[in-house]
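Use the sequences and the hints to build the structure in full.
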Amino acid sequence: MEKTAISASDLTKIYGERAALSHGNFVVPEGSICGFVGPNGSGKTTTIRMLLGLIAPTSGTATVLGESISHPEKYLPHVGAMIEGPAFYPALSGRENLKVLAELGGFPLSRVDQLLEKVDLADRGGSKFKTYSLGMKQRLGIAAALLPNPKLLILDEPTNGLDPSGIQEVRGIIKDLADSGTTVFVSSHILSELEMICEYLIMLREGRVIFSGRTQELLSGQKPIIVAKPEYDVDLTNLAKKLTDSGFNISIVDGSLHIEAAQEASATINRMAFETGITLASISVVLPTLEETFFEMTGDSK
Amino acid sequence: MIRVVIAELRKLRRPTLLLGTIATVGGLSALFTSIIFLMIDSEDGNSRRGESIGPEELSQATGLVYGFRLVGAFLGIVALCIFASQTAQEYSLGTLRNLLVRQPSRMKILAGKFISMKIFALVMVLFAGALSILISFALAGRAGVDTSAWTTSDAMELLFKSTLNIFIATLCFGTFGMILGLLLRSPISAIAVGVLWILILENILGALIKSTGKWLPGFNFSNLGEGGNPSLSYRHSVAVSLAYLIIGGAIAAVFFKRRDVAN
Ligand SMILES: Nc1ncnc2c1ncn2[C@@H]1O[C@H](COP(=O)(O)OP(=O)(O)OP(=O)(O)O)[C@@H](O)[C@H]1O
Ligand SMILES: [Mg+2]
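Chain order of the listed sequences is A and B. The numbers in my numbering rise by one with no breaks, and the one at position 87 of the first sequence is 87. Just add 1000 to wherever you are in the second sequence, counting from 1, and you've got my numbering.
It is possible that part of the hints are untrue.
Mimicking DSS-like on lysine-lysine, the simulated pairs with C-alpha atoms at most 25 Å apart in a straight line are [as the list claims (entries may be wrong)]:
1) B:K1011 with B:K1118
2) A:K137 with B:K1011
3) A:K128 with A:K74
4) B:K1011 with A:K128
5) B:K1108 with A:K74
In silico contact screen, one side only, chain B against chain A (beta carbon under 8 Å); selected entries [said to hold, decoys possible]:
6) I1006
7) R1014
8) Q1103
9) K1118
The set of hints was computed from the structure by calculation and includes no laboratory data. Beta carbons are placed, not taken as given, at the ideal position from N, Cα and C, and that holds for glycine.
Pasting the structure below:
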């Protein structure tokens, strides 16, 4: 069996009447990039706080780097984390803020400037945190998470507020770290942001883990769709009837037929249209995004 | 824990806070000490609550620390505000989560914070004292005060004792502020509650029911700073202050250790 960086069993946190996380069971294999996805309020941050020993679970247990979360001092020296957006002292510069954390963790101060360089803040390291733009704050948060040269990096919505090139950079940093053996556990409410870099995914909804496994498994749950557009709109219903009679699952969207079928069925569909005397203006195969698959699996419409 | 102290000192020595405090404390010290010597002939008095203190009294050994002692009463309030805000802001800024990820032992965080603030308070007290003494010497001549008694070993002993007492009182007030900061988790409310309590409520309570005075925390902290007085002994104030701070501190520490860090 693979070694696990994080493993939760029946991890539960109840606030008043509502469960922020209910019986969470999941594992994050060591050395992987694992996405942690769920809509707002689904319990991502709550789970991450429990994993970092900041809040105590109501019930259940978890281990991080092989140690129980009831003893965070045993694993936190090897963990870097950014939780729920960056929080720093507004009156201190970015550099001073990092130095405070480096001193606290016993890391060499020389790492501070290296990390500012890495997140592209070298020239603004001396400015006060309160003068930073949202993206700069976010990048300082990532730099702080990298201070310990972590074996496990936990990032809660790290791309929040970043522009496309910033998002690209963060992805690059995550990939580089993963290549050097760091396990990365990264949350987002946008699945499409994570599907391309994450080998594993854990999905949350209303405090429940609804998927935990390889991204590949989720991909295999994807049903491709063939989109066919007849030359004349009047032919739409005719063709739809013909295809339904032949056992296809069909919906009409924006003057096109959406047919649940794999690539191989394209020829059949084209031939059937031809036999009915209908010319197709276009026919193409579309893979739904993981997001759509996810919502289909969870029975939620966008 | 030493790492926590070093990290905390980095926060405390930021220019706005350090220079701001030094300026406030220095200003108070200069103001009170100057008034004593410059208004020595004033009909309105030159000491607390319109009392007058003349050149004969100031020429004794106690004259050296007279100004410093007056300022001492205010250093406590300054410390209360700083200790309270520096503690509570970790919650309101959300920075406590960063600290706890880097140092998971909450008791070490608390102890380190406490020690670093003690150092800060010491700097504050020493600065206020040194300034007051300098000004006293500078203005003594004008006010017709003879300073020969100020350089005796008696005066030195008095200076040492006063500094120690003012430092102890300042720490008591500061610790009181830190407890409020930990419990209330908001700098504004911690400072408001602390200052209202010390400056207003205790005075009202003490005025309404005379006997309550000797059991109120602020009265006793101040009494420590003054080295005790005939109506309220130093020993009594040590006991009452310790009782308040140990019980309050223990409650705050338990909360700090147990409470979820959810912001
Ligand atoms: N301190 C708290 N007290 C009460 N309820 C809380 C607390 N923290 C979180 N919750 C509740 O727990 C649920 C999960 O919140 P959480 O912050 O973990 O969600 P999230 O997945 O991180 O959402 P987002 O994407 O918006 O950051 C929410 O319903 C929230 O209201
Ligand atoms: Mg969140």
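Assess, step by step, whether the Cα of K137 of chain A is no farther than 25 Å from the Cα of K1011 of chain B, and give holds or violated. Roughly 18 Å between the alpha carbons, so the hint for K137 of chain A and K1011 of chain B holds.
Proposed interface contact between K1118 of chain B and chain A, which counts if any beta carbon pair is under 8 Å: The hint is violated - K1118 of chain B has no Cβ within 8 Å of chain A, the shortest such distance being about 18 Å.
Do the alpha carbons of K128 of chain A and K74 of chain A lie within 25 Å of each other, as the hint requires? violated, 33 Å
With a cut-off of 8 Å on the beta carbons, see whether I1006 of chain B makes it to chain A. With a closest approach of 5 Å, the I1006 of chain B hint holds.
Would the hint on R1014 of chain B be counted as holding, given a Cβ-Cβ threshold of 8 Å to chain A? Check passed: Cβ of R1014 of chain B comes within 6 Å of chain A, closer than 8 Å.
Does K74 of chain A sit within 25 Å of K1108 of chain B, going by the straight-line distance between their CA atoms? Answer holds: K1108 of chain B to K74 of chain A is near 15 Å, not above 25 Å.
May I ask you to test the interface hint for Q1103 of chain B with respect to chain A, counting a Cβ-Cβ separation under 8 Å as satisfied? holds, 5 Å
25 Å limit on alpha-carbon distance, applied to hinted pair K1011 of chain B and K128 of chain A: holds, 13 Å
Holds or violated: K1011 of chain B to K1118 of chain B, with C-alpha atoms at most 25 Å apart: holds, 14 Å
Hint violations for this structure: numbers 3, 9, all remaining hints satisfied.
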